[in-house]
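Asker: Sequence:
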Amino acid sequence: MSTQDLFLIPTVLEEICSNLTFEEAINLRNSLNLSNLQCRVPIHDKSNQIFYLDNINSKTISVYLLIKQHGSIISLAIFAGRGDLEAVKVLLKAGVDINSQDIYSGNTALNSAAWNGQVEIIKILLEDPNLDIDFANNRQRTALMTAVGRGHLEIVKILLAAGANVNALDYHGSNSLMMALEGSHTKIAEILIKSGININAIDNFGQTALLFAAQNGELEIVKMLLDAGANIDVVDQQGNTALSLARKYKRTNVVELLENY
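So in my numbering the end of the sequence shown lands on 256, straight run, no missing numbers.
Please note: incorrect hints may appear among the correct ones.
Simulated restraints on C-beta separations [claimed, not checked]:
1. G201 with G78: 33 to 41 Å
2. N248 with N226: 14 to 22 Å
3. F200 with G90: 16 to 24 Å
4. G158 with L80: 22 to 30 Å
5. Y166 with I98: 13 to 21 Å
6. Y99 with D123: 52 to 60 Å
7. E122 with Q232: 22 to 30 Å
Derived BS3-like pairs: lysine-lysine, alpha-carbon spacing no greater than 25 Å straight-line [said to hold, decoys possible]:
8. K218 with K182
9. K189 with K118
10. K88 with K182
11. K84 with K118
12. K245 with K152
13. K243 with K189
14. K245 with K218
15. K118 with K152
16. K118 with K182
17. K182 with K152
18. K189 with K218
19. K243 with K218
20. K84 with K152
21. K118 with K88
Source of the hints: derived by calculation from the structure; they are not laboratory data. We put the CB at the ideal spot given by N, CA and C, even for glycine.
Modelling step: build the complete structure from the supplied sequences, incorporating the hints.
Answerer: Structure (structure tokens):
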């Protein structure tokens, strides 16, 4: 977040209030109802009188960029995650960087919306040509990976259709398919396999999607992976293979399939 962003609140408010009389501006200030936000912003009305806007409510008036609240910063990513469509639209129109990150998680608006399943916010963000659809957060996870991990099927489909990188890896070296299988999101896993994801990617622990599927007893996914050319002989850092994991967790149908493959 740039220093310029921090000064955008008064800039946006000035633009709105410059068309109001002093009385109208005061009434506008008094109509806001969000008492826990204590952000004193000096505003000039069209007669150049000054007043202070103490409380900002993004749903009541189209204002809102970065507000200091209890020492933290509320950003575009926060509004996107909350599903505040009006605030997101206004902030983007005001020139906020669509790829700006939350200072704690490193999430962008797209990633935050993906986490919380905010479909309409996702669609709005994808309309912006400046959006980096594969921007990763502090854990090196893209919006697609976030949506996969959370099991948001519709958002996964939307992001794939928009060209999201299906083979991105997070800080564990895991790809979206591994995350889908780890979370038992079978439908999403099927879509990812059909999308052409690297089914033989190996994470930092030596595991592949086939090992995850075998361990979880996902028979149909194991079949799909084998048909797509999954390597059955991979051994992870603990010495496990897909077959040994299936045996360990008593996945009888998977054991039978792998033994006869």
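Asker: Look at each hint and say if it fits the structure.
Answerer: Consistency of the hints with the structure:
1. G201 with G78: 33 to 41 Å: Cβ of G201 to Cβ of G78: about 39 Å, so the range 33 to 41 Å holds.
2. N248 with N226: 14 to 22 Å: 21 Å, holds
3. F200 with G90: 16 to 24 Å: 43 Å, violated
4. G158 with L80: 22 to 30 Å: 23 Å, holds
5. Y166 with I98: 13 to 21 Å: With a Cβ separation near 18 Å, Y166 and I98 satisfy 13 to 21 Å, so the hint holds.
6. Y99 with D123: 52 to 60 Å: Given a distance of about 23 Å, which is not inside 52 to 60 Å, the answer is violated.
7. E122 with Q232: 22 to 30 Å: For Q232 against E122, whose Cβ atoms are near 43 Å apart, the range 22 to 30 Å is violated.
8. K218 with K182: 14 Å, holds
9. K189 with K118: 23 Å, holds
10. K88 with K182: This hinted pair is violated, its Cα atoms lying about 37 Å apart.
11. K84 with K118: Judged against 25 Å, a Cα distance of about 12 Å means the pair holds.
12. K245 with K152: Violated, because 33 Å separates the two Cα atoms, which is more than 25 Å.
13. K243 with K189: 29 Å, violated
14. K245 with K218: 17 Å, holds
15. K118 with K152: 12 Å, holds
16. K118 with K182: 22 Å, holds
17. K182 with K152: 11 Å, holds
18. K189 with K218: Distance ~13 Å between K189 and K218 Cα, so the pair holds.
19. K243 with K218: 19 Å, holds
20. K84 with K152: Holds, at roughly 23 Å.
21. K118 with K88: 16 Å, holds
Of the numbered hints listed earlier, those contradicted by the structure are 3, 6, 7, 10, 12 and 13.
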